[in-house]
Amino acid sequence: MISEDPLRDDRGNRDLSITRPRDAIPMDPIVPTATQPATSVVNAFLVGEAMVGGYGRGPSILNGCTIAAEKGQIAVIVGPNGAGKSTAMKAIFGMLDLRQGSVRLNGEDITRLSPQDRVAKGMAFVPQTRNIFPSLTVQENLEMGAFLRKDDISRTMEQVYELFPILREKRRQPAGELSGGQRQQVAVGRALMTQPSVLMLDEPTAGVSPIVMDELFDRIIEIARTGITILMVEQNARQALEIADKGYVLVQGANAFSGTGKDLLADPQVRKSFLGG
Amino acid sequence: MTTVPQTRAIATPARDSLRTPLLFLGMGVLLVLTGFLMGANYALLVVNMGLVSAIMALGVNLQWGFAGLFNIGVMGFLALGGLAAVLIAMPPVTEAWAAGGLRILLGLLLGAATVVLLVLLRMRMAPSRRRMAVMIAVGIAGFVLFRRVIDPGIVAVEAVTPAATGYLGGLGLPVLLAWPAGGLLAAGAAWLIGKTALGLRSDYLAIATLGIAEIILAVLKNEDWLARGVKNVIGIPRPVPREIDLQRSPDFVEQAARFGLNAVDASKIWVNLLYMLLILAVLGLVLLLSQLALKSPWGRMVRAIRDNEVAAEAMGKDVTARHLQIFVLGSAVIGIAGAIMVTLDGQLTPGSYQPLRYTFLIWVMVIVGGSGNNWGAILGGLLIWWLWVIVAPLGQLVFGSLATMMPEGSFMAQRLADAGEQMRLLTMGVVLLLVLRFSPRGLIPER
Amino acid sequence: MDLLNALVVFLNFVFVPAVSYGAQLALGALGVTLIYGILRFSNFAHGDTMAFGTAITILCTFGLQALGITFGPLPTALLALPVGIVATALLLLGTDRVVYRFYRERKAAPVILVIVSMGVMFVMNGIVRFIIGVGDVTFADGARFLVSARGFQEWSGLEEGLAIRSSQAITVVTAAIAVALLFWFLNHTRTGKSMRAFSDNEDLALLSGINPERVVAITWIIVAALATTAGVLYGLDKSFKAFTYFQLLLPIFAAAIVGGLGNPLGAIAGGFVIAFSEVMLTYAWRKVVLYALPEGWAPDGLLQLMSTEYKFAVSFAILIIVLLFRPTGLFRGQSV
Ligand SMILES: Nc1ncnc2c1ncn2[C@@H]1O[C@H](COP(=O)(O)OP(=O)(O)OP(=O)(O)O)[C@@H](O)[C@H]1O
Ligand SMILES: [Mg+2]
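Chains as they are written, first to last, in my numbering: chain W, 1 to 277; chain D, 1001 to 1447; chain Y, 2001 to 2336.
You may find that some hints are simply not true.
Below 27 Å or equal to it, Euclidean Cα-Cα: the simulated DSS-like pairs (lysine-lysine) are [unchecked claim]:
# : chain 1 : residue 1 : chain 2 : residue 2
1 : D       : K1221     : Y       : K2241
2 : D       : K1231     : Y       : K2287
3 : W       : K71       : W       : K121
4 : D       : K1231     : Y       : K2238
5 : W       : K71       : W       : K150
I should point out that these hints are in silico values taken from the structure, not numbers from a laboratory.
Just so it is clear, the structure is predicted and the values come from calculations on it, not from any experiment.
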């Protein structure tokens, strides 16, 4: 078998997995979509509407799902492993090509913008994996988060330290030497450094103890209160839906259920299939 | 895995099947043209070395093209093959053997025994401080003993008529035996190297093999008792008649006259033709064997491993063992080519081995020809060798005339006068870069 | 028994040469490691990059000398060094533009980039030989010795002399300055930090708005400075020969790998590890031992473990040992 692209054909050499980890985020160019959906029904602050897309030339992972988050509210995506939650987040952030559908921010169509441009528009994203700079200190991680900003960042950094006091203590330590929960805080802090209007979090509580998880959720609520829109993917569906203004259950890349967090928690079918009774 | 690539491979069967013969035809035309312009004998010399290069390229292709092993120690294996030619074909120097041959042999045995003992210790003893201490002690004791035994032997051997011999000589066997022997010698070295280095990532393996090649060359250059070092071994016996003998034979002169050739030209051409037949026979055999091997289940497994090492390993394939096998086989082929090359030259000159010429140039051949395709490797060998030979005089022509326009003896004139030679390297680099950019699979892509 | 003289012999023949050689290797290895960290491939053209920078510097030195400009007791080459650096930076940026960028955009596998760098190596090799030829070139001028053997003997009253050549002193001082500048840049400037961030996690760097092309360009410029400096220092210390620089690839890579590819601190440590091992294993210890041991105790023979021609074997053996026992290098490199 010969791979399609001779330049990526590495003849099985082991170095590929080292320099370019396989779980790296694919940065596919946005391919202009042929069919735009009819006038939208949702008019939220951030909308990914009727999204269809997949990795490279592979099969579609997203099959027309719609995700929306209102200004200053928390929207949560839950669903089984491999449902396409992370993929949906990447699609909204412009990291993979949408075959159909659109993404809008504050009414503006941003479907074709690159991730960097979306950062400039006030979006921030904390990926599920590899979401910190391990050899940089905590403080440098935060500085890099604010790389695009030209103004004084010390106030924002102060806010992040207030939000996550442990980071202040560890600010001179390489982020790679922190515990899993502390790293997640660094990752969220880094994303906040751009002073975003939208914060997207992919499983911020992965590998975090229950107590820290509650902490983290509290912090996220705090962040939302400052007017930042939050879109997050969570495995701890019950707790996440409790704090969610809006919840989406994704199955095989399509919306299975959606509603307010309370509604979903109350829905017997959702409880049975996704919340373990 | 996906089936997408296959559909493309069969999309243009007609063009593909014609491509290879056409390319070889073009190569043939180039060589014939060279013959007309520069003389038949010159062209034959180019062809012969091109064919030897093709064998080298087949060896590298086996390792890189089919198994993805990044060996840039080609020069070392070539040199080992060359050493075999000396060790097999040169007459033994009895005086040197009497002076210290046995001491050297004994010393080498002791050295080998130390290494074996160390490996055994490492395998048998549990990892601990004690093992470390024992290994260090054994290592030092072995080394001291080795030097004590071997050093006087070396001094004695090298003192035996140093201007003419000063080494142990060879076995005095027919030189053709040196060809398989060169393969064996290279294979043995490759086995040792593979055992230690094959688990490494590709760029580490590359650096490791690069280092090995330098070490092999250092040994050849410095161990005068072995093959006279930089004093070179000349006059290695030949498998074909000498030109001078042919010219003296009335029979041959008569035959030559019948073709309208004078005896001197005819003898050179005849000798080169004989060499060509020998090399072609080896090339054909290597090609046949590698094609058969690669179409066998073993070959399919090797390629499956190359394409996805992780998956192959997960399927229970012994990746390391396969890699070791193909590394040894490929190196053996390179060693054979090394022996042939020294036989052609009639001399072993360790000082002339340079990585750019004997490692990286072979790589250019493989990449340009088409990694993973044996025919591609052969074409690459012939084409790149031809280019290498032809670029220097061409460059000389161009730059030489430029140089004459400069003031006599000036810095620029000197640079330009030498430029022809440097053009070679530049051209090779540019060719490699162009192929990698515009035809990354090479001239004859892998099927 | 005369420990003081033994020490002086050791310093003179082992320590001082190894320190300056180590500094040269460290500078070379830093270049290799930076390219690996940012561009993620092992650059086989590095030795020839060093040769190119040195060749330009030499030509410029000759030009300056012809004009009668010298640098007092310091070698004129130091004056010419900036020119060499700029020329090399231009060459590397041009190469990146014409060659490497294409593969970066296509996200080519690292091993492809290594092969591409082989092509670049050929080209650079040809260019270097074209501009300066294949022969040995000596271009050191200025004062020969900082401390001369005789001067030291007279000053200390010892039997043995300690000579420190100015090229050795200059090597160490220049290397220290270069390394200090580099680390200051990497740790204290926004651009430097963004380079480290890019090396750490390329995707996240992109998400943070770090411009990869800028990072790459700055990397090449720094590499040009390091490679040229390393090459010039090596040439001042020994002499310039195109082929020798190509051969430096092996100890340089050994240093970078031993230290942990992608780790600048490791590259420096690796450089000294390799240099000291090379010098110590190929030095004939007889004189030191003669002084250090009581009369008549010293064994006969040169006490040389291997002849200097085998110094590659030393780099190589250390490389293999480290790779087998600690594959990520002494300092944790990027490779996992
Ligand atoms: N980089 C990638 N390239 C190709 N396919 C991918 C890639 N990443 C994910 N996929 C595929 O897309 C599908 C959805 O993956 P995704 O990561 O979106 O799931 P998820 O819902 O986030 O799961 P989890 O809860 O485990 O994080 C899976 O089938 C996966 O194999
Ligand atoms: Mg996920």
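Taking the hints in turn, this is what the structure says about them:
{"no.": "1", "hint": "D:K1221 <-> Y:K2241", "in the structure": "holds (19 Å)"}
{"no.": "2", "hint": "D:K1231 <-> Y:K2287", "in the structure": "violated (31 Å)"}
{"no.": "3", "hint": "W:K71 <-> W:K121", "in the structure": "holds (15 Å)"}
{"no.": "4", "hint": "D:K1231 <-> Y:K2238", "in the structure": "holds (25 Å)"}
{"no.": "5", "hint": "W:K71 <-> W:K150", "in the structure": "holds (26 Å)"}
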